Amino acid sequence: MTFFSALQAQLLDTKYIGWMVQGWLMTVWMSLLVVAVSMLLGLLLAAARSSSRAPLAWGAAAYVSVFRNSPLLVQLFFWYFGAPSLLPEAAREWLNSSAVLLQWGGVVLLRWPSFEFLVAWVGLVLYSTAYIGEDIRSGLRGVPANQTSTALALGFTPVQTLRHIVLPQALRIAVPPLLGQTMNTVKNTSLTMAVGLVELSYTSRQVEAETFKTFQAFGFATLFYVLTIMAVDGLGQHWLRRRGQKHVQRVPA
Amino acid sequence: MNFAMLYDSLPYLLWGAWPDGQLGGAALTVLLSLGSGLVSAVLGLGLGLGIALALLTGGARRVLTAVLSFLRAIPVLMLIFWSYFLLPVVLGLHVPGVLSVMAALSLVGGAYLAHAVYAGIQAVAAGQWAAGFSLGFTRWGTLRYLVLPQSLRMMLPSFMNQWVTLVKDSSLAYTVGVSELSFVASQVNARTMVYPAEIFLLVGLIYWLLCAGLEAAVRALQHTVLAPRPARTAAPLYHRLTRFFSSRPSTPKEFHP
Numbered sequence: 423m424t425f426f427s428a429l430q431a432q433l434l435d436t437k438y439i440g441w442m443v444q445g446w447l448m449t450v451w452m453s454l455l456v457v458a459v460s461m462l463l464g465l466l467l468a469a470a471r472s473s474s475r476a477p478l479a480w481g482a483a484a485y486v487s488v489f490r491n492s493p494l495l496v497q498l499f500f501w502y503f504g505a506p507s508l509l510p511e512a513a514r515e516w517l518n519s520s521a522v523l524l525q526w527g528g529v530v531l532l533r534w535p536s537f538e539f540l541v542a543w544v545g546l547v548l549y550s551t552a553y554i555g556e557d558i559r560s561g562l563r564g565v566p567a568n569q570t571s572t573a574l575a576l577g578f579t580p581v582q583t584l585r586h587i588v589l590p591q592a593l594r595i596a597v598p599p600l601l602g603q604t605m606n607t608v609k610n611t612s613l614t615m616a617v618g619l620v621e622l623s624y625t626s627r628q629v630e631a632e633t634f635k636t637f638q639a640f641g642f643a644t645l646f647y648v649l650t651i652m653a654v655d656g657l658g659q660h661w662l663r664r665r666g667q668k669h670v671q672r673v674p675a
Numbered sequence: 291m292n293f294a295m296l297y298d299s300l301p302y303l304l305w306g307a308w309p310d311g312q313l314g315g316a317a318l319t320v321l322l323s324l325g326s327g328l329v330s331a332v333l334g335l336g337l338g339l340g341i342a343l344a345l346l347t348g349g350a351r352r353v354l355t356a357v358l359s360f361l362r363a364i365p366v367l368m369l370i371f372w373s374y375f376l377l378p379v380v381l382g383l384h385v386p387g388v389l390s391v392m393a394a395l396s397l398v399g400g401a402y403l404a405h406a407v408y409a410g411i412q413a414v415a416a417g418q419w420a421a422g423f424s425l426g427f428t429r430w431g432t433l434r435y436l437v438l439p440q441s442l443r444m445m446l447p448s449f450m451n452q453w454v455t456l457v458k459d460s461s462l463a464y465t466v467g468v469s470e471l472s473f474v475a476s477q478v479n480a481r482t483m484v485y486p487a488e489i490f491l492l493v494g495l496i497y498w499l500l501c502a503g504l505e506a507a508v509r510a511l512q513h514t515v516l517a518p519r520p521a522r523t524a525a526p527l528y529h530r531l532t533r534f535f536s537s538r539p540s541t542p543k544e545f546h547p
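Sequence order for the protein chains is A and B.
With the working numbering as the guide, the letters of the first sequence map in order to residues 423 to 675.
With the working numbering as the guide, the letters of the second sequence map in order to residues 291 to 547.
Isolated chain A (complex conformation) (with noise of 0.2 Å):
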C-alpha cells in the first residue's frame, strides 16, 4: 500500500495532465493549420523562383535567403515585439480585441485568435514557406525537360502543361522532404511558447514550474512530440506506398 502510494506520489495530477493535453492539442492544430498554408504559399514561391522575370525571380531568392538564415525564434521576436510598433494604433487595437467573429444562440462559435496565436502562425507560416518553397522547386527541376517540350509540341498551352504534366510529376518527387518539412514544422511550433502561445512546450513548463516535478513534466512532453513525429512519418509512408501500389495498377497489361 505504501509502495502504490509513494509511487502515486511521484506522478502527476490529472489536472496537469490535462493541461499538457491541452497544449498538445494546440500544438496538432497550429501545425496543421501552417502546413496547409505554407504548401500554398510555397508553390507560390516556388513559381516566383523559376519565373522568367528577373525582378520577381530575384526578390523570391531574397526571401528565401532572409527567412531561412536568421533563427526562427528572432522572427518570432520581430513579429511580436517589433511589427506592431510599426502599425497605426487603431490597427494594434484591432489586433488585440478578441472579437466575436460568429455566434449562434449565445454559444461562441468563432472568435477572432488571441495575439499570440497569429504572431506564431504569421511567424511560422513565413519560415515554413521558404523551406517548403525549396523543396517544390527542387521537385519542379526534378521534371525532365522535354516533358514540357512534348506537352507543348502536343498542344498543351503552358498552364495545362504545368497543371497536368509537370506538377504531379513535381509533387511526387517532393512528397518525402515535404513529409520532413511537416515534421519539422511540428517540432518548431515548440518555439511559440517564447512569445506565450500554450502549447505543448508551454506546459510542460508551466506544470514543471507547479510540481517541481521535471522528469515527469519533461517526460511526458517529449513522449508526445515523438508519438506526434511518428504518426506524421507513419502516416506519411503509407499514404507513399497506397500512391506507389495505385499507379503500379494503373499500368495497363
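Derived by calculation from the structure, the hints in this document are not laboratory data.
None of these values were measured; they are calculated from a predicted model.
Mixed in with the good hints, there may be bad ones.
Unchecked claim - Distance ranges between label pairs, derived from CB positions: (1) Gly-348(B) with Ser-474(A): 50 to 60 Å; (2) Leu-433(A) with Arg-351(B): 33 to 43 Å; (3) Pro-309(B) with Ser-474(A): 49 to 59 Å; (4) Leu-511(B) with Arg-475(A): 27 to 37 Å; (5) Leu-429(A) with Phe-423(B): 56 to 66 Å; (6) Ala-480(B) with Phe-634(A): 21 to 31 Å; (7) Leu-381(B) with Gly-481(A): 45 to 55 Å.
Claimed, not checked - Not the full set, but computed from the structure, chain B residues with beta-carbon under 8 Å of chain A: (8) Phe-360; (9) Ile-364; (10) Leu-367; (11) Leu-462; (12) Tyr-464; (13) Asn-479; (14) Cys-501.
No residue lacks a Cβ here, since even glycine has one placed at the ideal position from N, Cα and C.
Starting from the known structure of chain A, fit chain B onto it as the hints suggest.
Same frame as chain A, now just chain B:
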C-alpha cells in the same frame, strides 16, 4: 525607423559586458556555434562511419540507430531543457548553461550528421572498395585514400546546412538564460522598450551575416580546395607499374584517385 539610437547598445549586442564582465552577445553565439559545430562533426563522422562500415553490429547498432532517430524526432528546445536539467544531476556538479546548451546542440547536430555521413559512404560505389583491396590497400587505407575523399565532397552540403542550423538553434539558449545574441537582444528590448522593430531587424541581420557568410565560405571551399581534381593524363603503363611496384612497402600517398 530609427537605428541611430541603437548605436549605444551595439557593443552590448556584439560582445555583451566584455571586457569588464562576461562575454555575451554575438561573440558568445559564435563561440557556442563553433563548439557545438566541432563536436557534432566529430560525433557525426564517428557514429556515421561506425554504422556505415558495420563496425557496430547487432544490438549495439539497433540501439544507436534508435537513439539517433529519437534525437531527430524531438524539438531541440526539449533537448535543451533535458540537458539543462539532467546534466547537473547526472554529473553531480554545477554545469554552466552554455555547456549544457552546447551538449544538447552537439547531440542533435551529431545525430543529423551521422545520417549524412552514412549516406555519403553508401553513395560511393562498391567497386571503389574492391579496387582499393585489389591494389593492396588495407581497409583503413581504402577508406582514407579512396572512399573518404569522394564521400566527404558529397557530404559537405549536409555539413554546411547542419552548421547553419546550429548557428540558428544556438538562439534557443535564450530559453535557459544564456546571454547569447537573442537573449541580449530581448534584454535590450526590455530595457529600452522604444524601438523593438529596429532591435530585432538588426539582430536578424547579424544572424543573417553569420549564416550567409558561413554558407559562402563553405561554397568557396567546395570550389577550390575540395574541387574534384582534373583527370590526369594517364602515364604509360610501364611507368605506372614500375612506380607502383617500387613504392610497394611505403604508404600509398602518391596514389591520387
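Evaluation of the provided hints:
Range check, Gly-348(B) to Ser-474(A): Cβ separation about 56 Å, and the 50 to 60 Å hint holds. Between Leu-433(A) and Arg-351(B), the C-beta spacing of about 35 Å keeps the proposed range 33 to 43 Å intact. For Pro-309(B) paired with Ser-474(A), a C-beta distance near 54 Å keeps the hint of 49 to 59 Å intact. For the hinted restraint 27 to 37 Å between Leu-511(B) and Arg-475(A), the CB-CB distance of approximately 33 Å keeps it satisfied.
In this structure the supplied range 56 to 66 Å holds for Leu-429(A) paired with Phe-423(B), their Cβ-Cβ distance being about 58 Å. Taken as a hint, the range 21 to 31 Å holds for the pair Ala-480(B) and Phe-634(A), whose Cβ atoms sit roughly 27 Å apart. Between Leu-381(B) and Gly-481(A) the Cβ separation comes to about 50 Å, which falls inside the hinted range of 45 to 55 Å. The interface hint given for Phe-360(B) is met, as the beta carbon of that residue sits about 7 Å from the closest beta carbon of chain A, less than 8 Å.
The restraint placing Ile-364(B) at the interface with chain A holds, with a minimum CB-CB distance near 5 Å, inside the 8 Å limit. A distance limit of 8 Å between C-beta atoms decides the matter here; for Leu-367(B) the minimum to chain A is near 4 Å, and the interface restraint holds. Using the Cβ-Cβ criterion of 8 Å, the hint placing Leu-462(B) at the interface with chain A is satisfied: the shortest such distance is roughly 7 Å. The beta carbon of Tyr-464(B) is positioned within 8 Å of a beta carbon in chain A (closest approach about 6 Å), and the interface hint is therefore held.
With its C-beta approaching chain A no nearer than about 6 Å, Asn-479(B) sits inside the 8 Å limit, and its interface hint holds. For the restraint placing Cys-501(B) at the interface with chain A, the shortest Cβ-Cβ distance is roughly 4 Å, inside the 8 Å limit, so the hint holds.
The earlier numbered hints are all upheld by this structure, with none contradicted.
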